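2 protein chains.
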Amino acid sequence: MDFNAQEHATKIIDFIRDYYQKNNLGGVVLGISGGKDSGVVAGLFAKAIGPENVIGVTLPCHSKSQDATDAVLVAEKFGFKLINLDLTSVYDQFEEEAKKIDDFVVSEDSEINLKPRLRMSSVYYLAQMYTKKTGKVYLVAGTGNKCEIYVGYFTKGGDGVSDINVLGDLTVEEVIKVGEVIGVPEQVLYKAPSDGLSGKTDEDRLGFTYADVAKVINGEPVDENVKAVIERKHAANQHKFNIPIYKK
Amino acid sequence: MDFNAQEHATKIIDFIRDYYQKNNLGGVVLGISGGKDSGVVAGLFAKAIGPENVIGVTLPCHSKSQDATDAVLVAEKFGFKLINLDLTSVYDQFEEEAKKIDDFVVSEDSEINLKPRLRMSSVYYLAQMYTKKTGKVYLVAGTGNKCEIYVGYFTKGGDGVSDINVLGDLTVEEVIKVGEVIGVPEQVLYKAPSDGLSGKTDEDRLGFTYADVAKVINGEPVDENVKAVIERKHAANQHKFNIPIYKK
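Which chain is which? The protein sequence lines are A and B, in order.
Mind the numbering: the first sequence is residues 321 to 568 in my numbering, read in order.
Mind the numbering: the second sequence is residues 321 to 568 in my numbering, read in order.
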């Protein structure tokens, strides 16, 4: 693989710094899941705009405590402030109201996707709160990488919403290499990717690996059946990027 | 204005019906605010896919009761089911958790934008719930019109998120004309546009009228100062459509 991680880490840091200077921005808020993507993004922003302008947020929602421990590792490594907004009671209150609807049925899809939407709502709430508090504009950083985006593995209106994205053109393998260069804690960087919601790893849920997705993206040889599954997923999720709009 | 409302109403209904048939879809969920945009969209969907496949939702969140009354008018007119999911306690629970953050400050922007984000989360939750219940896919219908979109007057990650939009290419005046053709109740159709959140009308908040926005869009004569304000708003909100992404 022809990918110079050191060079790209430097370029991403410059990209962030330039954008912040050009637009006179203040800081960034991002959810820290304890996984590698948010760890790498947080590290890059801390190096670009200074850790004092980075606010990491843990947003537990009936979550495993291990995720919070790993978030602390990342925050300590890069020296930014980590705050906590517990969404468990908010989620429970929502479900209580939803159950009052006479048509109510339990839907696993509804429940799984509600969490990233509440998290998105939270990081934007906090970005505007820190903007008010400091008088400088805070953005929300996205953490989606190229493989996830290719197969549409994100929640529309959830983790799919952000103000700036620095991993969107990097495969999972490239994200890890950038993470190694900037020193993301190993325990976080080499964790199996998981949404932290369904109790399964992403690759279990998807039925293929991100390495295979990278091969499809790069036009490298990959098992034809696996390729077909990935391309079907890609096509099926195009509605997350482009919606039908009636034109006069 | 060269706009044949009868013709476009028919074409929009065909557009919706074709999309549902082609993709084997079941129904639609949309928030009914009591304003004209959601009233017109609900009426068009009821005519296109049958009122039995339309679920309207009122999503009060510290809201005026008049909005709910007007929502009932729309549902009765077009014969679709109206359900209610009260977000007031969810919103309050969120604020209670946010106040536990040591940096907490009250931010009006945070509060105003939290509501449409909770509403978006709710309609998607319900769309997936009705999909589970009926075994047919329910979409979320957007209600943004061309004037609002032009000046970016929507909440990113809130009412800006949907699966299909039929008003996106229609000015406010054109939306009203389509509403007249399909029989949206007058009390709803001629109400001053308001987000129902800030207690002000949209035009008060924006400092210009949607009629002026339509003139700018259509290249018609408009006061130069007003035009400058509208174009500034348009430019300032481009970040809601295109975010910066680092490219290798």
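Just so you know, these hints were derived from the structure itself, not from any lab.
Take these hints with a grain of salt, some might be off.
You can't tell identical chains apart in this list, so a pair holds if it fits in one copy or across any two.
[Said to hold, decoys possible] Subject to a maximum C-alpha distance of 25 Å in a straight line, what follows is the list of computed SDA-like cross-link-like pairs (lysine to any residue):
#, residue 1, residue 2
1, LYS331, GLU415
2, LYS568, GLY488
3, LYS568, GLY455
4, LYS397, VAL536
5, LYS342, ILE403
6, LYS384, GLU415
7, LYS419, SER409
8, LYS497, CYS381
9, LYS367, GLN413
10, LYS560, ALA548
11, LYS456, GLU551
12, LYS456, ASN343
13, LYS560, PHE474
14, LYS553, ASN344
15, LYS535, ASP334
16, LYS401, ASP338
17, LYS520, ASP422
18, LYS452, ASN557
19, LYS420, HIS382
20, LYS553, ILE565
21, LYS401, GLU544
Keep in mind it's a predicted model, so treat the numbers as computed, not measured.
>> My question is about LYS568 and GLY488: at a cut-off of 25 Å on alpha-carbon distance, are they close within one copy, between copies, both, or neither?
In response: For LYS568 and GLY488, only the inter-copy Cα distance (10 Å) is at most 25 Å; the intra-copy one is 33 Å.
>> Regarding LYS419 and SER409, is the shortest C-alpha distance of 25 Å or less found within a copy, between copies, in both, or in neither?
In response: both (15 Å within a copy, 14 Å between copies)
>> As a check of your reading, is LYS553 near ILE565 (CA-CA no more than 25 Å) within one copy, between copies, both or neither?
In response: both (22 Å within a copy, 23 Å between copies)
>> At most 25 Å between alpha carbons: which applies to LYS560 and PHE474, within, between, both or neither?
In response: both (9 Å within a copy, 18 Å between copies)
>> Reference check for the pair LYS535 and ASP334, CA-CA at most 25 Å: within, between, both, or neither?
In response: Cα proximity of LYS535 and ASP334: none, with 28 Å in one copy and 41 Å across.
> Should LYS456 paired with GLU551 be assigned to within, between, both, or neither, using CA atoms and 25 Å as the limit?
Replying inline: For LYS456 and GLU551, only the inter-copy Cα distance (24 Å) is at most 25 Å; the intra-copy one is 42 Å.
>> My question is about LYS560 and ALA548: at a cut-off of 25 Å on alpha-carbon distance, are they close within one copy, between copies, both, or neither?
In response: For LYS560 and ALA548, the Cα distance is within 25 Å only inside one copy (20 Å; across copies 34 Å).
>> Within, between, both or neither: how does the pair LYS420, HIS382 come out at a Cα-Cα threshold of 25 Å?
In response: Classified as both; 22 Å inside a copy, 18 Å across copies.
>> I want to check one pair: LYS497 and CYS381. Are their C-alpha atoms no more than 25 Å apart within a copy, between two copies, both, or neither?
In response: Classified as neither: same-chain Cα gap 30 Å, cross-chain 45 Å, threshold 25 Å.
> Is it within a copy, between copies, both, or neither that the alpha carbon of LYS456 lies no farther than 25 Å from that of ASN343?
Replying inline: Intra 11 Å, inter 45 Å, cutoff 25 Å: intra-copy only.
> Given a CA cutoff of 25 Å, do LYS401 and ASP338 count as a within-copy pair, a between-copy pair, both, or neither?
Replying inline: within (23 Å within a copy, 51 Å between copies)
>> Reference check for the pair LYS384 and GLU415, CA-CA at most 25 Å: within, between, both, or neither?
In response: both (20 Å within a copy, 23 Å between copies)
Hint violations for this structure: numbers 1, 3, 4, 5, 8, 9, 15, 17, 21, all remaining hints satisfied.
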